[in-house]
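Trainee: My request is simple: use the sequences and hints to build the entire structure.
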Amino acid sequence: MVAVAMPEALPGTSPAPVPLPKAETRDLSFFYGTFRALQNIDMAIHERRVTALIGPSGCGKSTFLRCFNRMHDLYPGNRYEGEIRLFPDDTNLLDPHVDPIEVRMRISMVFQKANPFPKSIFENVAYGLRVRGVKRRVTLDEKVEEALRDAALWDEVKDRLGQLAFNLSGGQQQRLCIARALATDPEMLLFDEPTSALDPIATASIEELITELKNRVTILIVTHNMQQAARVSDYTAYMYLGRLIEFGRTDAIFIKPMRKETEDYITGRFG
Amino acid sequence: MSDSSVRLQEIRALIAAHKRWDIIFGVVGLLALMVGVLTFAALFIEMVIQGLPRLSWDFFTSFPSRKPDQAGILSAWIGSILVMVVTALAAVPLGVGAAVYLEEYAPKNWMTDLIEINVTNLAGVPSIIYGLLALGLFVYQFGLGQSILTAGLTLALLILPVVIVTTREAIRSIPGAIREGAYALGATKWQTTSDHILPYARGGILTGVIIGMSRAIGETAPVITIGALTFIAFLPPAPVQGEFPFLSFEWIMSPFTVMPIQMFNWTSRPEAAFQQNAAAAGLVLVIMTLSMNALAIYLRYRLRKKIKW
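Here the protein sequences come in this chain order: A and B. For the first sequence, position 238 matches number 238 in my numbering, and the numbering has no gaps at all. Offset between the second sequence (1-based) and my numbering: plus 1000.
One should not assume that every hint holds.
Not everything, but these chain A residues come out facing chain B in the computed CB check (under 10 angstroms) [unchecked claim]: (1) MET71; (2) GLU102; (3) ARG130; (4) ARG132; (5) ALA230.
Read the hints as simulated data drawn from the structure, not as lab findings. Bear in mind that the values here come from a model prediction, so they are computed numbers and not experimental data. The beta-carbon is built from N, C-alpha and C at its ideal position, and this holds for glycine as well.
Mentor: Printed below as a string of structure tokens:
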């Protein structure tokens, strides 16, 4: 069912070493009540790589993403089937005995629309640390600065850390949310269409940031913008109607997709 | 040519006919509005004319008396304030706790639906019913007596639905994205509630509490039912004292009277001079209520301005 393009199969690209998987979904299905939104998905998320999820609206890519931090547990009537294995400890994230809070402490998320708390810039970034019981001022200061530097926001906000986060521009707010997600050193970072509400310049800065971040954290990103997937990701998954249609290296998928549906979507004949 | 001018005249006549209804409704609506506004204005002005001459420093610092020109509202306004303190201390934690539970914790099923409907309906229960309930429960069953504590708890029960409903509305106006943001960082329900939901809903909660209190301060029936005295010429023991341990809670069990009961007492006297006293006390009560509502509006405005979703 799922076509996998092997990196070696593509002439003209140097065969990169196949990285270790950070996570694997095994026969993953998801139900909103009785509606089956995801159908038996098997997919690997490679460590310290960017994996993009593309597909038309309603194809289940956001639903798939939100399985990784058990966000669906917040609402009644939702049900998972199958497994998501997180490595190196080989924990099944969907195991009912695994606390969703533990999962969310390991895997951070950045949302479609920047959602800073109505608190100061500092408190926004520090909140993940406070949740984990960090109280020492020195540690908080250090971690907040580090996270803001990693999110390329430090120089813009270092003189006004006490100001309300709502005073920042849209792009800055989204980078603040990235800093908030980074402050707790997550193993994996989920992006749910992070630039869909931003102008092209802010989008470019977020994309640049994602490219830099992949050196230290595994990234899974949902995007409805195919150029964005092509620019930032190493691997791309094309989803349609809750199924994974094709998964492979991004260059392979975009230059020579193996399935016709993928090609139709990428070339704009569909979707 | 003449054809089109005839058509134009027809259209104009039609519009004029239709517009008559605009004017008619405008007049009817204005009249309807004026009935309400003017009635209140007339009452208020009458009260001001009658009561204002009686308002003096002595009026606030004197106990009630058989001589109308020496009578004052000292025991009444102090009683009202003390009862309101008990009401607030009881209604805020109970109401906010119940609202947070219903919004953030309770599973959504027929049981919580039933509770929701009942809470809303409780707001419509006549206040004297609360008085009867309190007489049986607080006065006789718990033996709290005809005290400030009983009155405060009774009025707290009375305004609980208002506090619950406004708190829930305040909580619901917080976008789901903020909740998800907190949960996504690994926060528990309680961390999300105490670090985000409650602080951001603070303005709405405060408004609800003050509006509830402004209703409670004017309530007469339940307070009479539990047996508040209509003539009290002494003050409850002071809460703050000169010697250790400085704080005293004796006042909480003291007999008391409140503003509306003092008014009720005076209006039932035959002498015209007491009617003046009643008008003066009424004026004070209306000003207390209006200023509480004004405070609620101001706080809502201030706290809303800081948080824009």
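Trainee: So which hints don't hold here, by number, going up?
Mentor: 5
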